[in-house]
Amino acid sequence: MPIQKQYSIDDLAPVITSLLAEGKKVIVSAAGNSMYPLIRNQKDAIVLTAYKGESVSIGDMIFYKRTNGQYVLHRVVAIENGEFTLMGDNQTLQEKGITNQQIIALPIAVIRGKKTIVLSSKGYLLYKKAWTKTNIFRKAGIGFFNLRIRASKRLKKIINK
Amino acid sequence: MKLKNNYVLKQIANETVAIYLYKDTADLRRAVSLNGSAKLIFEALQKGATKEEIVLTLTQVYSLSEEEAKGDAQAFLQLLYNNNLLDG
Numbered sequence: 001m002p003i004q005k006q007y008s009i010d011d012l013a014p015v016i017t018s019l020l021a022e023g024k025k026v027i028v029s030a031a032g033n034s035m036y037p038l039i040r041n042q043k044d045a046i047v048l049t050a051y052k053g054e055s056v057s058i059g060d061m062i063f064y065k066r067t068n069g070q071y072v073l074h075r076v077v078a079i080e081n082g083e084f085t086l087m088g089d090n091q092t093l094q095e096k097g098i099t100n101q102q103i104i105a106l107p108i109a110v111i112r113g114k115k116t117i118v119l120s121s122k123g124y125l126l127y128k129k130a131w132t133k134t135n136i137f138r139k140a141g142i143g144f145f146n147l148r149i150r151a152s153k154r155l156k157k158i159i160n161k
Numbered sequence: 001m002k003l004k005n006n007y008v009l010k011q012i013a014n015e016t017v018a019i020y021l022y023k024d025t026a027d028l029r030r031a032v033s034l035n036g037s038a039k040l041i042f043e044a045l046q047k048g049a050t051k052e053e054i055v056l057t058l059t060q061v062y063s064l065s066e067e068e069a070k071g072d073a074q075a076f077l078q079l080l081y082n083n084n085l086l087d088g
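Order-wise, the sequence lines are chains A and B. Note that our numbering gives residue 126 to position 126 of the first sequence, counting from 1, and the numbers run on in steps of one. Note that our numbering gives residue 8 to position 8 of the second sequence, counting from 1, and the numbers run on in steps of one.
Please note that a few of the clues may not be correct.
Below, a list of computed lysine-lysine pairs in the DSSO-like style, where the Cα atoms sit at most 30 Å apart [claimed, not checked]:
#	chain 1	residue 1	chain 2	residue 2
1	A	K65	B	K10
2	A	K25	B	K23
3	B	K10	A	K5
4	A	K52	A	K96
5	A	K24	B	K4
6	B	K10	A	K52
7	A	K114	A	K25
8	A	K65	B	K4
9	A	K133	A	K96
10	A	K24	B	K23
Quick list of the computed label-pair ranges, beta carbon to beta carbon [claimed, not checked]:
#	chain 1	residue 1	chain 2	residue 2	range
11	B	Y81	A	K96	49 to 55 Å
12	B	G48	A	K43	56 to 62 Å
13	A	Q94	B	Q60	56 to 62 Å
Which chain B residues stay away from chain A? Per the calculated CB distances, all over 10 Å, these [what the hints assert, rightly or not]:
#	residue
14	K2
15	Q11
16	L56
17	S65
18	E67
The hints are simulated quantities; they were obtained by calculation from the structure and are not laboratory data. For glycine and all other residues, C-beta sits at the position ideal for the given N, C-alpha and C.
Starting from the given sequences, assemble the full structure and let the hints guide the process.
Rendered as structure tokens:
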């Protein structure tokens with residue numbers, strides 16, 4: 001019996017790599033909230049194209065393989081000595097030392113609900129610029145947001161005791 | 001009787017999966033997991049086989065009686081049709 005199934009990104013990785021090598025673009029569902037608000041967990045999808053050594057700049061998103069084998073889509077926040085520093089839009093922790101060899105694919109569009117955001121569109125380029133420029137404020141914003149969530153959870157625990 | 005869309009068959013986590021292909025784009029959100037006989041039928045449909053040819057293949061590969069093969073083929077084709085994957 002056929003079943004339409006959702007597979008984890010790690011299960012899909014060999015197929016993604018194989019399809020990209022065949023010259024195909026690949027659409028995958030978003031897994032995780034690290035790129036929120038642009039990409040929402042399980043609601044949105046990303047269109048990937050094979051990485052062929054194109055130049056990658058600060059603000060670009062890349063789909064890469066970590067040394068522990070995990071596959072991730074995050075944004076480049078710094079480049080130093082040819083190595084990339086990555087961070088999710090909804091994160092404050094940076095991941096340093098990612099190399100060109102670890103890049104599998106580049107996203108060309110985000111399917112956000114019913115809307116497709118082409119990553120070369122003017123609107124997205126403005127978003128990318130603003131997102132990169134407001135990095136410092138974002139850290140404070142996410143920190144404050146997470147603090148509020150923790151405080152609210154603690155309060156609920158106290159009330160429920 | 002034919003599949004509505006193009007599909008490419010791949011292995012994911014030890015399962016055969018049909019991946020929807022539109023032009024040069026593979027959509028992994030719409031992967032259809034196939035077991036052994038489903039894979040056989042799916043491949044036959046991709047080659048434009050008729051229901052009778054599918055039944056014959058099933059009887060040959062799985063040593064099923066014609067009755068059993070007809071039942072299996074009908075159930076699978078109905079499932080494809082209900083999931084909007086099959087024309088007519």
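Results for each hint:
{"no.": "1", "hint": "A/K65 - B/K10", "verdict": "holds (21 Å)"}
{"no.": "2", "hint": "A/K25 - B/K23", "verdict": "holds (9 Å)"}
{"no.": "3", "hint": "B/K10 - A/K5", "verdict": "holds (14 Å)"}
{"no.": "4", "hint": "A/K52 - A/K96", "verdict": "holds (22 Å)"}
{"no.": "5", "hint": "A/K24 - B/K4", "verdict": "holds (20 Å)"}
{"no.": "6", "hint": "B/K10 - A/K52", "verdict": "holds (23 Å)"}
{"no.": "7", "hint": "A/K114 - A/K25", "verdict": "holds (19 Å)"}
{"no.": "8", "hint": "A/K65 - B/K4", "verdict": "violated (35 Å)"}
{"no.": "9", "hint": "A/K133 - A/K96", "verdict": "holds (19 Å)"}
{"no.": "10", "hint": "A/K24 - B/K23", "verdict": "holds (9 Å)"}
{"no.": "11", "hint": "B/Y81 - A/K96: 49 to 55 Å", "verdict": "holds (52 Å)"}
{"no.": "12", "hint": "B/G48 - A/K43: 56 to 62 Å", "verdict": "violated (37 Å)"}
{"no.": "13", "hint": "A/Q94 - B/Q60: 56 to 62 Å", "verdict": "holds (59 Å)"}
{"no.": "14", "hint": "K2", "verdict": "holds (16 Å)"}
{"no.": "15", "hint": "Q11", "verdict": "violated (8 Å)"}
{"no.": "16", "hint": "L56", "verdict": "holds (21 Å)"}
{"no.": "17", "hint": "S65", "verdict": "holds (20 Å)"}
{"no.": "18", "hint": "E67", "verdict": "holds (19 Å)"}
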